[in-house]
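Going line by line, the protein sequences match chains A and B. Count the first sequence with our numbering and you get residues 1 to 260, in order. Count the second sequence with our numbering and you get residues 1 to 282, in order.
Check the hints yourself; a few may be wrong.
[Unchecked claim] Okay, derived cross-link-like pairs now, DSS-like style, lysine-lysine, Cα gap no bigger than 30 Å in a straight line: (1) Lys139/A x Lys76/A; (2) Lys7/A x Lys50/A; (3) Lys61/B x Lys136/A; (4) Lys139/A x Lys61/B.
Derived by calculation from the structure, the hints in this document are not laboratory data.
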Amino acid sequence: MPFAPVKESDITRAIVSRFASALENHTQNDVVIVGGGPSGLMAARDLSEKGLSVLVIERNNYLGGGFWIGGYLMNKITVRAPADAILDELGIPHEEFAPGLHVSDGPHACSKLISAACDAGVEILNMTVFDDVVLKEGKVAGVVVNWTPVSSLPREITCVDPVALEARAVVDATGHDSAVARKLEERGLLKLKGFGAMWVEMSEDLVVEHTGQLHPGLVVVGMAVATVYGLPRMGPTFGAMLASGRQGATAVLKMLEKTA
Amino acid sequence: MNASDGHDWDLLNSAIVSLYDEPAHPGFELAKVAEYLATKVGIRVLLKGRLLQSRGSSGLKRSARMLASSRIVDPSRRAPNEPTRGELEYEERQLTLGYVTPGIIYDGLAVQRLMLEYLDENQRWREHVHVAFTSRLLATYDHLDSRYHLRTIVCGYPSVVSLSGLVEAPARKPAFYLARRQYLQIGLAPAIDEPYADDHLAYGDLRTTDVAVGYAMQALSYAILGYPFCQDPGCRLYDAHRQIEMLKAQLEPPEYCETHMPFLAEHRRAKQKGEPHEHSLQ
Numbered sequence: 001m002p003f004a005p006v007k008e009s010d011i012t013r014a015i016v017s018r019f020a021s022a023l024e025n026h027t028q029n030d031v032v033i034v035g036g037g038p039s040g041l042m043a044a045r046d047l048s049e050k051g052l053s054v055l056v057i058e059r060n061n062y063l064g065g066g067f068w069i070g071g072y073l074m075n076k077i078t079v080r081a082p083a084d085a086i087l088d089e090l091g092i093p094h095e096e097f098a099p100g101l102h103v104s105d106g107p108h109a110c111s112k113l114i115s116a117a118c119d120a121g122v123e124i125l126n127m128t129v130f131d132d133v134v135l136k137e138g139k140v141a142g143v144v145v146n147w148t149p150v151s152s153l154p155r156e157i158t159c160v161d162p163v164a165l166e167a168r169a170v171v172d173a174t175g176h177d178s179a180v181a182r183k184l185e186e187r188g189l190l191k192l193k194g195f196g197a198m199w200v201e202m203s204e205d206l207v208v209e210h211t212g213q214l215h216p217g218l219v220v221v222g223m224a225v226a227t228v229y230g231l232p233r234m235g236p237t238f239g240a241m242l243a244s245g246r247q248g249a250t251a252v253l254k255m256l257e258k259t260a
Numbered sequence: 001m002n003a004s005d006g007h008d009w010d011l012l013n014s015a016i017v018s019l020y021d022e023p024a025h026p027g028f029e030l031a032k033v034a035e036y037l038a039t040k041v042g043i044r045v046l047l048k049g050r051l052l053q054s055r056g057s058s059g060l061k062r063s064a065r066m067l068a069s070s071r072i073v074d075p076s077r078r079a080p081n082e083p084t085r086g087e088l089e090y091e092e093r094q095l096t097l098g099y100v101t102p103g104i105i106y107d108g109l110a111v112q113r114l115m116l117e118y119l120d121e122n123q124r125w126r127e128h129v130h131v132a133f134t135s136r137l138l139a140t141y142d143h144l145d146s147r148y149h150l151r152t153i154v155c156g157y158p159s160v161v162s163l164s165g166l167v168e169a170p171a172r173k174p175a176f177y178l179a180r181r182q183y184l185q186i187g188l189a190p191a192i193d194e195p196y197a198d199d200h201l202a203y204g205d206l207r208t209t210d211v212a213v214g215y216a217m218q219a220l221s222y223a224i225l226g227y228p229f230c231q232d233p234g235c236r237l238y239d240a241h242r243q244i245e246m247l248k249a250q251l252e253p254p255e256y257c258e259t260h261m262p263f264l265a266e267h268r269r270a271k272q273k274g275e276p277h278e279h280s281l282q
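Extracted from the complex, chain A is given alone in its bound form:
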């Protein structure tokens, strides 16, 4: 059976019109999540399921961050209990390798998480880099973004101004970069503690326990939490990322309730 005959111009119009309408719909959002790794996607999925309009900004072409692979480029990821319950919830197959330690296929886990976020109604802008925050009366009220390639081309041919997207809440899920929080630090609004010591263990719990509102309008999740609070660095166990994303979603809901 042959493919339907379509005009090249229709293909272009389909892409442009749908992208434009999606972008237009998300110039104002309930939540913008900066970073499409496991914590950001988890937060996005939970918030979208609550009926909020959620936009994820991802600087790479691909979503999922480091969730595709475990250590040493080996594509098995580990999750410590009780975060295995989240794997079950997302329909990600896993096995208990040792008491409390669950292992899953990275590609399967990551694609399921992305799928869960998309199915929940999350809009995604990939190849889009976070540039700055929108501040209104001292509160984070959105993000300024640009195309990712702009930052990697010579300045004389990339004098491209960014655009602003408003949001009632912004989530920093940018990993160790903690890019959103850093912008507040540049303005003297807060001070990041930087990486913590590597000579102590047990940082997974601490990451989840410190997840929450960092500044009016801003919630921090995932490994960005470790940079913000100077928590001990940890290896690639992803349970804390999923749990932190979930905790972050709860913090956003609480923050929005207060400001409603």
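Fit chain B to the supplied structure of chain A, relying on the hints for placement.
This is chain B only, laid out in the frame that chain A set:
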């Protein structure tokens, strides 16, 4: 005061020890420490439980601020931490729940000062020894090398024994650190403890209470004798800087050196008979 050895034996005869801990530190049983002190030293022990208990909203906020300010983010910097809102909320939550997640390092002397405020005012006298076991990681600043060092015990009033410090402060075998660095570089943090499990104390280790007992004795020694440590690596009062030394001093016989063993035996015997303690330490 016994003029021959400079120690106040009346103090030991009349001393009371209050023991405190924080809930949910796996592998640690405060009652066993109390039982040991009562039988080994023949001293009266009060089991107090949790020390940093909430004291109303303003007390809670003040304590949370003190704890958050005493966090050590950079071991080479001796300056109070400027607490963020998140840190203050975290400390408030932990104080309210009475639960401590190890991993954050606090200035041991600041935590000790805070704990002093929580001691019952009617029990703050010299013969009343207070020993608090905490899951918090404690460090004190050393002017010799201008940096903080993790501690197992911070002696004073009260003396504070860090249960997570027992895991993290004494150095492990060099091979462990080498393996951990290699594992972290390739992104494989979990399960590296296994080959070295017998060489160091771990979180939730069933040996935790037995090891902690020796640190309670060090706290008692500090309060009664004026010094916490013994130079003999085979004595439970030994200030171990390596895990292997700590486990040997705390878990392998004999329990005490030839100086401290007879001292304890004599005190216990005298106490049971209601006689004055006449044994002297040289």
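Hint-by-hint comparison with the structure:
Taken as a hint, the Lys139/A and Lys76/A pair is broken in the structure, with Cα atoms around 40 Å apart against an allowance of 30 Å. For the hint linking Lys7/A to Lys50/A, the alpha-carbon distance of about 40 Å lies beyond 30 Å, and the restraint is violated. In summary, the hint linking Lys61/B to Lys136/A is supported, as the alpha carbons are separated by about 29 Å, within the 30 Å threshold. The hinted pair formed by Lys139/A and Lys61/B meets the criterion: a straight-line CA distance of about 24 Å does not exceed 30 Å.
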